[in-house]
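In order, the protein sequence lines correspond to chains F and A. With the first letter of the first sequence counted as 1, position 4 gets the number 4 in UniProt numbering; the numbers rise by one all the way through. With the first letter of the second sequence counted as 1, position 231 gets the number 231 in UniProt numbering; the numbers rise by one all the way through.
Don't take every hint at face value.
[To be verified] Which stretches of chain F does chain A cover? Using the computed rule of at least three CB atoms under 8 Å from a CB of chain A, they are:
#	segment
1	7–13
2	64–78
[Stated by the list, open to error] Quick list of the computed label-pair ranges, beta carbon to beta carbon:
#	chain 1	residue 1	chain 2	residue 2	range
3	F	R24	A	R240	29 to 37 Å
4	F	G137	A	D124	51 to 59 Å
5	A	Q26	F	G137	28 to 36 Å
6	A	G253	F	E6	42 to 50 Å
7	A	L111	F	L248	53 to 61 Å
8	F	R46	A	R240	24 to 32 Å
9	A	D124	F	A222	32 to 40 Å
10	F	P212	A	R270	40 to 48 Å
11	A	R249	F	P252	34 to 42 Å
12	A	R270	F	A110	53 to 61 Å
13	A	E6	F	P224	15 to 23 Å
14	A	Q191	F	V3	32 to 40 Å
[Stated by the list, open to error] Quick partial rundown of chain A residues pointing at chain F, CB under 10 Å, derived from the structure:
#	residue
15	H11
16	G15
17	T58
18	Y275
Hints were generated in silico from the structure; no laboratory data involved. Glycine included, each C-beta is placed from N, C-alpha and C at the ideal position.
If you want the building blocks of each chain, they are given just below.
Protein chains: 2
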Amino acid sequence: MTVNAERIAAHRLYGSWQYRYRHRSQATGVPMTYSVYVPPEAADKRPPQVIFWLSGLTCTDENFSTKSGAQRLAAELNLLLVMPDTSPRGEAVAYDLGQGAGFYLNATVALWSSHYRMFDYLSDELPALIRQQFSTGDRQSIMGHSMGGHGALLMALRHPRRYCSVSAFAPIVNPSEVPWGRKAFGEYMGQDEKAWRQWDSCRLLADGGAQPLPVLIDQGDADPFMPEQLQPETWAALARQHQWPLTLRIQPGYDHSYFFIASFIDDHLRFHAGYLHT
Amino acid sequence: MTVNAERIAAHRLYGSWQYRYRHRSQATGVPMTYSVYVPPEAADKRPPQVIFWLSGLTCTDENFSTKSGAQRLAAELNLLLVMPDTSPRGEAVAYDLGQGAGFYLNATVALWSSHYRMFDYLSDELPALIRQQFSTGDRQSIMGHSMGGHGALLMALRHPRRYCSVSAFAPIVNPSEVPWGRKAFGEYMGQDEKAWRQWDSCRLLADGGAQPLPVLIDQGDADPFMPEQLQPETWAALARQHQWPLTLRIQPGYDHSYFFIASFIDDHLRFHAGYLHT
């Protein structure tokens with residue numbers, strides 16, 4: 001089978017490889033970039049299980065790959081990490097608002113709807129491409145930061161049987177109610193808020209129906225975006241109500257930066273490995 | 001005693017703090033920026049020992065602080081990390097060639113000599129400031145990458161009694177003989193190459209006289225700069241001749257990036273801790 005992705009970078013890292021690829025996406029209709037960390041071959045030759053990382057506003061696939069330090073423990077735990085970009089980009093996508101701010105949804109407003117289809121891209125196209133490119137186990141989990149934390153919870157709620165576990169750092173849990181989300185949702189889907197419901201992890205959780213998954217959420221209490229944009233307690237209350245097994249940790253003094261992510265990423269990898277490897 | 005440095009950033013990291021400071025430097029005559037990682041208080045209350053990290057061409061104090069992952073183990077080993085900038089900067093230093101390329105020396109050519117005094121800055125001013133700001137042990141070691149590897153070896157050779165150990169990633173060991181160094185040395189010190197000798201770690205080693213220090217050097221064999229700019233074997237041959245205890249490791253497949261640094265930084269911290277903590 002031909003793999004339709006061009007390798008644009010390869011760096012030796014922790015005894016194996018950090019790769020960067022570009023491919024023409026069916027879902028978004030433009031070239032998309034993603035990074036992958038492949039762990040060293042395991043002593044028992046078992047193929048690695050897969051974790052997707054979804055980044056926050058303004059990020060590319062490279063923020064996590066250069067700043068999180070996640071690959072050190074991923075190498076040890078035999079986990080393959082996939083780091084997609086946060087939106088379509090490039091000349092064919094000439095909308096400045098959207099670049100770095102795809103919100104992991106399918107847009108319906110005409111200006112955006114032909115390219116801004118990150119939900120379709122992440123649901124099917126990218127996982128299938130990864131399975132084509134690499135020899136992996138058949139399980140996957142998902143995690144993310146801020147807008148990417150919203151994305152991870154969204155993917156888990158919309159596709160509960162496809163993931164073993166989900167985790168997030170400072171997620172935007174209730175995008176239809178907070179300024180960052182309202183601006184993006186209004187642009188991408190128009191002002192009829194009923195259409196927003198399926199892209200809001202609080203609303204999806206409240207609607208019930210999704211099979212509960214193990215969830216870990218870390219939130220710094222010195223995060224300047226917590227009071228207005230993030231509100232993890234709202235999600236936690238709904239999770240309790242719907243019997244989702246959630247660990248919410250409020251981390252004293254931590255902010256919204258990659259220093260916060262680096263401090264706790266090892267806990268997230270061990271959390272996911274516990275479900276991926278059993 | 002008044003500490004004459006302004007804190008411009010503070011991020012909680014691995015149970016303690018990553019700081020960024022700006023101060024008006026006596027040595028360079030302009031405001032200088034530096035970052036510091038302070039480890040959590042040790043169980044036995046012993047103050048941390050200090051390691052200086054010198055970065056490479058084009059870097060600021062932030063490359064290492066965001067990309068190396070060093071703070072994780074520094075927290076565990078009770079090491080305080082100091083990350084200076086790589087040159088003077090700002091409006092008062094209106095020379096583009098020099099910014100990010102200070103080469104850790106004192107310039108003598110008039111255009112540069114009033115500000116480009118990184119050797120004086122790193123020898124005395126910054127260590128004294130760190131001791132004023134933080135409660136530390138009385139030992140220090142030094143390490144760096146590329147131009148900063150040259151800087152670390154240079155500092156160790158010029159001040160052998162001030163450091164317990166020295167290490168480097170892909171250092172420019174012989175700047176007076178390779179293009180990067182020859183360009184900078186010619187600019188900063190003029191064309192009389194006799195004046196370059198005291199800033200070249202191969203020449204200083206060949207001259208003898210410095211007390212040998214434990215040295216660890218890592219070099220990737222896929223580093224595109226190795227053949228022309230780096231040449232660690234030249235330094236290794238001189239080190240053997242002058243009874244310096246050197247470990248030179250050629251790392252297969254690794255390049256010149258921070259992925260290379262992240263892969264081996266833990267080894268460097270453990271190496272230094274072995275000398276700082278005995």
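Hint-by-hint comparison with the structure:
1. For the segment 7–13 of chain F, the stated coverage by chain A is satisfied: 3 residues place a CB nearer than 8 Å to a CB of that chain, which reaches the threshold of 3.
2. Requiring three or more residues with a Cβ within less than 8 Å of a Cβ of chain A, the coverage given for the segment 64–78 of chain F holds, as 5 such residues are present.
3. In this structure the supplied range 29 to 37 Å is violated for R24 (chain F) paired with R240 (chain A), their Cβ-Cβ distance being about 54 Å.
4. The supplied range of 51 to 59 Å is met by G137 (chain F) and D124 (chain A), whose beta-carbon atoms lie about 56 Å from each other.
5. Taking the beta carbon of each, Q26 (chain A) and G137 (chain F) are about 59 Å apart, not inside 28 to 36 Å as hinted.
6. The hint said 42 to 50 Å for the Cβ distance between G253 (chain A) and E6 (chain F), and at roughly 21 Å that hint is violated.
7. Distance hint check: the CB atoms of L111 (chain A) and L248 (chain F) are about 58 Å apart, consistent with the given range 53 to 61 Å.
8. A beta carbon spacing of about 44 Å between R46 (chain F) and R240 (chain A) contradicts the range 24 to 32 Å that was offered as a hint.
9. Taking 32 to 40 Å as the suggested C-beta distance range, the pair D124 (chain A) and A222 (chain F) conforms, at roughly 35 Å.
10. Between P212 (chain F) and R270 (chain A), the C-beta spacing of about 43 Å keeps the proposed range 40 to 48 Å intact.
11. Hint check: R249 (chain A) to P252 (chain F), Cβ distance near 40 Å, so the stated range 34 to 42 Å holds.
12. Judged by the Cβ atoms, the range 53 to 61 Å given for R270 (chain A) and A110 (chain F) holds: they are separated by roughly 58 Å.
13. Hint check: E6 (chain A) to P224 (chain F), Cβ distance near 20 Å, so the stated range 15 to 23 Å holds.
14. Our hint of 32 to 40 Å for Q191 (chain A) and V3 (chain F) is violated, since their Cβ atoms are close to 54 Å apart.
15. Checking H11 (chain A) against chain F by beta carbon gives a least distance of about 4 Å; that is within 10 Å, so the hint holds.
16. A distance limit of 10 Å between C-beta atoms decides the matter here; for G15 (chain A) the minimum to chain F is near 7 Å, and the interface restraint holds.
17. The criterion of a C-beta within 10 Å of any C-beta in chain F is not met by T58 (chain A), whose closest approach is roughly 15 Å, and the hint is violated.
18. Given hint, Y275 (chain A) at the interface with chain F, is violated; its Cβ is 24 Å from that chain's nearest Cβ, farther than 10 Å.
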